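Once you have looked at the hints, place chain V on chain C.
The primary structure of each chain is shown beneath.
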Amino acid sequence: MTALAIGFVVIATVLIAAALLALLRVAHLVLSGADALERDGLARGERAPSWSLTDTDGTAHASPPVRPIQLLVFADHSLKSFPSVLAGLRALLGDSDLEIVILTRGPAEPASLALAQLGLAEVPVLSGSPRLYANYNVRVMPFVIFVDSAGLVRGSSLVNHDWQLVKLRQVAAIPPGDDQYPAAAVAATASAASAG
Amino acid sequence: MAELTLTAKVAIAVLLVAAGGAKLADLEGFAGTVRLFWSASFAVGARAIAAMIACTEIAVGTASLSSPLAGWVNYAVLGLCCAFVVVSAVGYFGYPGRACRCFGALTGRSFDGASVARAGLLAIAAAAAALLPVSPSLLRLGTLGRLGLVAGAALIAWCAFTAAAAIGAGRDARSMPAAPRGWTQ
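Chains C and V supply the protein sequences, listed in that same order. Residue numbers for the first sequence follow the working numbering, so the first one is 1 and each next one is one higher. Residue numbers for the second sequence follow the working numbering, so the first one is 1001 and each next one is one higher.
I should point out that these hints are in silico values taken from the structure, not numbers from a laboratory. Since the structure is predicted, the reported quantities are computational estimates derived from the model, not experimental observations. Just so you know, not all the hints are guaranteed correct.
Derived CB-CB ranges, DEER-like [to be verified]:
no., chain 1, residue 1, chain 2, residue 2, range
1, V, Phe1037, C, Asp97, 50 to 58 Å
2, C, Glu109, V, Gly1045, 53 to 61 Å
3, V, Cys1055, C, Gly151, 36 to 44 Å
4, C, Ser149, V, Ala1166, 57 to 65 Å
Built from N, CA and C at the ideal position, the CB exists for glycine as well.
Extracted from the complex, chain C is given alone in its bound form (with noise of 0.2 Å):
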């Protein structure tokens, strides 16, 4: 090869690194930015992934739920840094439609004592993992997901305040069929980020 035809190849790789660079930096930028943690979790309707897990007392549970909705916490001990959250975890205990679980991220031995402290001792931690979390398409905590007893999902969400798991449980009772009601639908796939 002449050195024009060496300089091509080179200026070639340069370019094709560069562009490549390029190409990482604008995704990272742009999934990393407010309006794509608003994209996060699953779109209402959508088929949810199912599993079966034991949490720290060795009781299985599954999902699809047996119960008409499951209300899914993507969070872990930080939690106590949502107390309006925690307040609205415990409102929700009473719901006898509803089956509460909160999948960590990584072991759930470390989240379970610290939630148990915070008065979520009735509600199970299950160990989940980051390709579970991948999943769900959830990145930042604490999420929620509402799934129903077919697998679908009711309801996603990043939360903050205890309001938005009440809107989202009211939006969660609806059918994702039924969607006739804008302002609901517009709730059930709203991010808690844009309110945060």
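Just chain V now, with coordinates in the frame of chain C:
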């Protein structure tokens, strides 16, 4: 001079491949732009045209990158760049502010004066590459070098596709109206 010409040629080729890959990941979005210039009454749908444009960009960009001696590729690139100038100009005057989706979901750029200027610069660079040819004897690449450049082009296309798909996925999944900021309380 030859170095400058070749740098311009490579830069345009890389841009074409990245733009094509990103458009393929957001065909519906790009088809929306095509519909601005394409009548619904035509036999071929806007989505098919969008796919054809994206594939053409990838093919021409890859050919330009891996076959620097092929003179016809330079003219194909020049033709594409001239088409970009026309589309940018028509978009600027006919649909100012509308998203052009030149890079699929990767950018939110719209038809404006800057887009016309960028397309014009690309066309000038493509014209330089086409009209100031480099002596073939100086630019003979080995098979390995060409394969490496094809692999590089494929990598860019894949990376652009993946990035655009990841960025656009959430938008597509949620067909409901955009949530108002401030939630509902």
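Here is what the structure says about each hint:
In this structure, Phe1037 of chain V and Asp97 of chain C meet the distance hint of 50 to 58 Å, their C-beta atoms being roughly 53 Å apart. Hint check: Glu109 of chain C to Gly1045 of chain V, Cβ distance near 56 Å, so the stated range 53 to 61 Å holds. Under the hint 36 to 44 Å, the C-beta atoms of Cys1055 of chain V and Gly151 of chain C, about 37 Å apart, fit the expected range. One distance hint, 57 to 65 Å for the beta-carbon pair Ser149 of chain C and Ala1166 of chain V, is violated here, with the actual separation near 31 Å.
Violation of the numbered hints given earlier is confined to hint 4; every other hint is satisfied by the structure.
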